[in-house]
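Student: Sequence:
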Amino acid sequence: MIVYSGLKSDFLFAVEQDSIAAQIEETIYDKMHRHTSQNEFRSWENSLEYMYKVLNDRAIPENAGIAIEYNIPQTSKRVDFIISGYGKKKDPNVVIIELKQWDKVETVEGQDALVETFTGGAVRKVVHPSYQAWSYAAMIYDYNQNVQMGNIVLHPCTYLHNYRKTNPEKLEQNQYKEYVEDAPIFGRGEVPKLREFIKNSVKTGDDKQLLYDIDHGKIRPSKSLQDAIKSMIEGNQEFIMLDEQKVVYEEILKNVMMCMADQKRRTVIVKGGPGTGKTVVAVNLLAKLTNDGMFAQYTSKNSAPRNVYAKKLTGHRKSSINNMFKGSGSYVDAEPNSIDAVICDEAHRLNDKSGMFHNLGENQIKEIINAALCSIFFIDESQRVTLSDIGSVAEIRRWADELESEVMEMELVSQFRCNGSDGYLAWLDDVLEIRETANFDLKDIDYDIKIVDSPNEVRDLIIERNRVHNRARILAGYCWAWIKAGQNNTDVHDIKIGDFGMSWNLGNTTTFAIDETSVNEVGCIHTSQGLEFDYAGVIIGDDMRYQDGHIVTDFTKRAKTDQSLKGIKKLYRENPEKALKEADEIIKNTYRTLMTRGMKGCYIYCTDQKLADYLKECLK
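So the sequence shown is numbered by our numbering: it starts at 132 and just counts up by one.
Be a bit skeptical, because a hint or two may be false.
Unchecked claim - Here are the simulated SDA-like pairs of lysine to any residue, each with C-alpha atoms no more than 25 Å apart in a straight line: (1) K220 x K301; (2) K324 x Y183; (3) K349 x R209; (4) K301 x K443; (5) K615 x L637; (6) K162 x D464; (7) K443 x K349; (8) K443 x L662.
Since the hints were made in silico from the structure, they are not lab data.
Please model the entire structure based on the sequences and the hints provided.
Tutor: In structure tokens, the structure reads:
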């Protein structure tokens, strides 16, 4: 949706009359039914005055199309400024300009495409403006059929009109080179350069025709995107489906096809414990549906699996494939049935509210079902690890019923983790007193499990195992605070136990599970849930101990920086029994999840000696 569109002549006149911001404000209210804040209004007035200066050049055709605030379909992202027209050879061109009012900016070392600037009332890490402009252009090209079929060429750039470049320019350093090459930066005093960039693409006007084409383009993945994801997944052993995984996959495809045929909503719920291959099926579905020309997205609350699988599929940091992987809060404002299929992994982690401040939307399950013709939820109810996790089969069914979405339920049972042993999982449930099972021992189970006497021994074992395939990691319960000042330095130790010291997973990466150096860091539940390793080393902190013949949990021993039990103290004051029950479930589920990340083995250290003795006894 384009908020404002006109010819260059219309835009210049509106700015001269001081009416452009008011026109935009009025249109936003008419189309989106929301009021504009004073800050947003002033931002338009300020930035558009600068664009007036840029466009006030006779060589830029008067009938070139101008669009302001283009909402990219099925996203909350908005392109600030668009100029459309034809090039020297009558080729259709669109210039995309990301406008920034920054006057100061700092680089961020070790994190891809991030910078630091003052925005939203504080200094924050944000994406590099060139990356932002490039990614918006990539999203439009990859999913807009009119852009693809009309061979419309997109030329992204960014204009920081309050920012004077330095020499050398920090925003153009080598770490940002590939983004700046595709989306150049123009700063204060560079109006002539930006004009030349525009004039190189727009020689004659189009009377807004290209803007109309973009605004009315059907959502469809591009052929290049289809080919890319197909070639990436084919032959990759990690994504090969076995036995019942293939059965579930085919049944889901059948349901999607029925949705496309009759345009009726359907919801598929796939239950499965750790290691049953939920994510393998999910990624294969994403690839197949995209390759068949459907608009499909993979979503999860936890960013760790999204980031890891996107990187594994691309093999390269810069790729529009990332647009297929979305956070679970991305569907707050989505139009009904606007997406062919939303594949929700780790559905047990879904929340009521979305956004940084958890104040957006009503319910993520509802929003996903509303947005998709076919909504697919992969869920393991025993992996609820925070108080805010609301995902359950009953909750999905409730919203599906309300939104008139037919429900199909399936289950993945066979174990492909823990060396295919359901017995290990049953034993774990029994010893952690999650549920009673008949698995009192691990006889005849081919799984390397050890209870060790020091965290140093855990580290030594994991480092040794990691040398083979980079598939061994140390994990821990969240009983140690994250030291923010040293979060990008492994020499700053968050976790200290006697002479043992290690840092939490560093803040300069989002792919702890596959980074070569991550064996020297400790992952928490948020960086490991939904992922798997060959071997997991697990440090159980003071939040779980063995006392009077039973497993006892203690939420007061969790770190203050842990958000998974946010609100538990208030709940404890109001209803102590309920609070203790909730906390007990979450803490036990957390350790169960950590202790099932290893496919071949798990090495465990307990800060509570009695718990260690108890687990050793259970292994006999």
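Student: Straight-line Cα separation of K615 and L637 no greater than 25 Å?
Tutor: Holds. K615 to L637 sits at ~10 Å (cutoff 25 Å).
Student: Taking only the CA atoms, is the gap from K443 to K349 under or equal to 25 Å?
Tutor: Violated - the C-alpha atoms of K349 and K443 are around 29 Å apart, more than 25 Å.
Student: With a cut-off of 25 Å on the C-alpha distance, tell me whether K220 and K301 pass.
Tutor: violated (36 Å)
Student: So if I understand the rule, the pair passes when the alpha-carbon distance is 25 Å or less; does K324 with Y183 pass?
Tutor: holds (15 Å)
Student: Check the hint pairing K349 with R209 against an upper bound of 25 Å on the C-alpha distance.
Tutor: holds (18 Å)
Student: Given the hinted pair K301 and K443, is their alpha-carbon gap at most 25 Å?
Tutor: violated (30 Å)
Student: Given the proposed pairing of K443 with L662, does the C-alpha separation stay at or below 25 Å?
Tutor: Holds, at about 12 Å.
Student: Against the 25 Å threshold, does the CA-CA distance of K162 and D464 hold or violate the hint?
Tutor: Judged against 25 Å, a Cα distance of about 13 Å means the pair holds.
Consistency note: the structure conflicts with the earlier hints numbered 1, 4 and 7.
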